[in-house]
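This is what each chain is made of:
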Amino acid sequence: SQQGEEDPQALSIQEGENATMNCSYKTSINNLQWYRQNSGRGLVHLILIRSNEREKHSGRLRVTLDTSKKSSSLLITASRAADTASYFCATDGVTGANNLFFGTGTRLTVIP
Amino acid sequence: KAGVTQTPRYLIKTRGQQVTLSCSPISGHRSVSWYQQTPGQGLQFLFEYFSETQRNKGNFPGRFSGRQFSNSRSEMNVSTLELGDSALYLCASSLIAGSETQYFGPGTRLLVL
Numbered sequence: 001s002q003q004g005e006e007d008p009q010a011l012s013i014q015e016g017e018n019a020t021m022n023c024s025y026k027t028s029i030n031n032l033q034w035y036r037q038n039s040g041r042g043l044v045h046l047i048l049i050r051s052n053e054r055e056k057h058s059g060r061l062r063v064t065l066d067t068s069k070k071s072s073s074l075l076i077t078a079s080r081a082a083d084t085a086s087y088f089c090a091t092d093g094v095t096g097a098n099n100l101f102f103g104t105g106t107r108l109t110v111i112p
Numbered sequence: 113k114a115g116v117t118q119t120p121r122y123l124i125k126t127r128g129q130q131v132t133l134s135c136s137p138i139s140g141h142r143s144v145s146w147y148q149q150t151p152g153q154g155l156q157f158l159f160e161y162f163s164e165t166q167r168n169k170g171n172f173p174g175r176f177s178g179r180q181f182s183n184s185r186s187e188m189n190v191s192t193l194e195l196g197d198s199a200l201y202l203c204a205s206s207l208i209a210g211s212e213t214q215y216f217g218p219g220t221r222l223l224v225l
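In order, the protein sequence lines correspond to chains A and F. Residue numbering for the first sequence is 1 to 112, as defined by the working numbering. Residue numbering for the second sequence is 113 to 225, as defined by the working numbering.
Calculated from the structure, these hints are not laboratory results. There may be inaccurate statements among the hints.
As the list claims (entries may be wrong) - Once the Cα atoms are required to be at most 20 Å apart in a straight line, the calculated DMTMM-like pairs of lysine to aspartate or glutamate come out as:
(1) K56/A with D66/A
(2) K70/A with E212/F
(3) K70/A with D7/A
(4) K56/A with E212/F
(5) K169/F with E212/F
(6) K69/A with D7/A
Small disclaimer: the values here were computed from a predicted structure and weren't measured.
Construct the complete structure from the given sequences, taking the supplied hints into account.
Structure representation (structure tokens):
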């Protein structure tokens, strides 16, 4: 079973608006990552936030993590048409292992 | 550096056949992980190899197997293919085992008829 679930499943916004995606997970984690996937292609790593961090920024991306609620959010500011993609959160599994547990993903469409 | 490469990119097989997919990690990366992506089950971890040893395995039947070579290149094999094996198979590499960031290849799309 998957570790995380994302909300919403799909999001459609106008270019220039902000997009917020949420992720909930089930067990304790060491870190949480966000990935982007363009249609049917490989995943691109966006940002990693550790369990002892609450917020992290990278360019137009802002990620928050609330370990008490087992949830994270990804905010993309000033969205662009090129941001159209699916976004996945992923949590780590057994410490020292490389298996990631992915959420169900949010399909973001940015309308030019 | 060149990214993770996967071959072939597309593959069509029939039920009962077997298939071998290949993954070349980023130069210097020694850990390779495999994932299966389907519309129904999403992204699921298959297995991870490091220094030619399988370190971790997901919840998949024994028909799914893999190996890693001394140059870190990895192959995964699926025997006795079933319709449900149709999926995008993604390979990811990282510098060492337990690395936090994984770099994904473009995937191999397998269609089983």
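With the threshold set at 20 Å, check whether the alpha-carbon distance from K69/A to D7/A stays at or below it. holds, 15 Å
Compare the distance between the alpha carbons of K56/A and E212/F with 20 Å, and conclude whether the hinted pair is satisfied. holds, 16 Å
Taken at face value, is the distance from the CA of E212/F to the CA of K169/F at most 20 Å? Distance of about 17 Å is within 20 Å: holds.
Pair hint outcome, K70/A versus E212/F [Cα-Cα no greater than 20 Å]: holds, 19 Å
Starting from K70/A, check that the Cα of D7/A is at most 20 Å away, please. At roughly 14 Å apart (the allowed maximum being 20 Å), D7/A and K70/A satisfy the hint.
Does the alpha-carbon distance linking K56/A and D66/A stay inside the 20 Å limit? Roughly 12 Å separates the two Cα atoms, so the pair holds.
The structure fails none of the hints (numbered hints given earlier).
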